[in-house]
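The chain contents come next:
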Amino acid sequence: MEQTEKPRITATGLVRPVSNGPAPVSQSNNGFDASRVPVLSESLDDSELFRMYRLMLLIRRFEETCGQHYSLGNIRGFLHLYIGQEATGIGAITPLEARDYIVTHYRDHGHAIARGLDTNRIMAEMFGKNTGLSKGKGGSMHIFDAPQRFMGGHAIVGAQLPLAAGIALAQQYMETDVVTMVFFGDGATNQGTFHETLNLASVWQLPVIFFMENNLYGMGSAVGRVRHRGSDFSDAMGAYDVDVVSVDGMDVLAVREATQAAIDQVRAHGSPIFIEAKTFRFVGHSFADPGDQYRDRSEVDLWRRRDPLVTYPKRLLEYGVVTESDLDDLSASVDAEIEAAVEFAMNSPNPDMSEAFDDVYA
Amino acid sequence: MPEMTLIEAVRETLRSEMRRDPDIFMMGEDIGPRGGVFLASEGFVEEFGEDRVINTPLAESSIIGIALGAAVNGMRPVAEIQFADFVWPAINQLVGEAARVRYGTNGGKFAPMTVRVPYGGGVRGGLYHSQSIEVLFAHTPGLQVIAPATPWDARGLLRSAIRSNDPVVFLEHKRTYRLVRGEAPDDDYTEPIGKADIKRAGSDVSLITYGLMLHHSLQAAEMVSQSDGIETEIVDLRTLRPIDAETILDSVSNTGRALIVQEDTGAVSVSSEVSAIIAAEGFFDLDAPVMRVNPPEIPPMPFSPLQEAEYMPSPEKIADAIRRLAEI
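Quick note, the sequences are listed as chains A and B, same order.
The first sequence runs 486 to 847 under the numbering used here.
The second sequence runs 469 to 796 under the numbering used here.
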């Protein structure tokens, strides 16, 4: 079968070929048109570009801090970090409107932060405190914030997909223009729920964006070892006639642009779209997984060289969106926010046992 | 005799059975190079190759269904469900298909398959990594459900499970994997499916339990023995289907008092079934009502370490129940 990369033209006319190799860290100056001031983004102003970087850095620091507190025994249970995938989450979630829904998987801290949920309350949930977003009942994998239309946090791989289609069905029924975005990984694409949901979303033309974070490993299994078409998802939805948009998940602006186009289309026409962001988790599947038994060090190193927390601020500097001193100030402000969140979590009370009986029934 | 942890007992039994019988193969999520998340198959792919240690996609329904198809054609698959909480997509293949093969083919086909299922709480796993899922399977005629609590029993019963000609759901409590050590010699012994075991002799109260709660119950029995001189006889069910009514009733006839302890919620559960057995067949031996220690009726399991600790029956709570029952 032909394995060459071919750009797929979607209904939006969006063309976005994806390279498997490292992308250039900055845009080339070859062909620079002196008659035109170069801009990093045609559609986003500097404050939004900067805000996106702040959120990316906030995720990275949040995750690193969670890792430290897990090692100290302050955070217990299972911890799946989003480190490496920040550009994907930020590019995907920042173009959503407040009225749109997000449904996600267990690697959910990054999405929660991207959605702008209260950092203090996310952190408190990590610590199992009653000020947490799920009052300590959920923990790391089960972050919910219904008022913010952030519908979890689902720890069963693929189980969130029908739920998202149901949310979209309700929106269609109520004739809103609300978009539902559901996140999942490459591992979920082998579950029955994935195929069942894709089919129904297509049959019923549901306003849902299937956002796959393809980090190339379903836990310890390389996607190519357990999936017929390997890591090539370009034709994956052919049977369902759902448009596929593939995007470089390490490039926050590429993700943002592709997602914005998808949102616009879904909002206008209501039909589903499938976005694949190629990304990579730099760390293990969870804190219990060193992450080096099933992938080569060289592969991890290759992706680390494309760290969006390095490449993106470099572009911001190159294009004059920020100065070095802006970045220093930002780093300090993010550190302060994380420090405050840890303090909030540590100082929050544990939930009382009586609260465990709340919310079992209406 | 060698001492080992429960996970080591599982691993060494799988290894020796795989060496003994080439019809046995394993399948599951990340059981290959990673060795399974609990390392039950660590080093197996190197020894037995990828044909016998099959890494599957995340697709539990297919894992069980394919194991079943292989089993009815003469293989002896051992499938691993990574966490018990992930088993629900496979319910139809287990309850709807595997359990009925022998019956539906008038004995023409049968399913010698083992489904290993790490289950249970106490690991801060929260809502989807802590569940006790045994009831649905224990309810299903055609399935056998085994829940060992010691390395010895894990070894003897896993051998019996793999060699059995009917499907087995083999429950391994995650918390016991590295917590519990004990003797488990490599001499090809088996323990019988469907037979409970007296883990502690006593004359005052019969305590019927299984899984992690066996260990909490043993601690509780020592506490009340020292503090109150109450001697508790502990019946470790080991198999949840079929349940060994005879051993339960024998013990209750000796003590006149029955306490059932489980980690799963109580309504329509193993403790309900054991209570019913005692009420129906041991009523005239009773000196006191049957008592149960179950967690609260809330969806398991809150993540908050404090709430989780409260949820799980502790040795202290069990000891308190023994005292109350002994006083009646």
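Certain hints may be false.
[Unchecked claim] Looking from chain B toward chain A, a few residues come up when the C-beta cut is under 7 Å (computed):
#	residue
1	492
2	527
3	533
4	596
5	663
6	770
I should point out that these hints are in silico values taken from the structure, not numbers from a laboratory.
Just so it is clear, CB atoms sit at the ideal spot from N, CA and C, and this is done for glycine as well.
Numbers of the earlier hints that this structure fails to satisfy, in rising order: Checked against the structure, the hints that fail are numbers 1, 3, 5, while the rest are satisfied.
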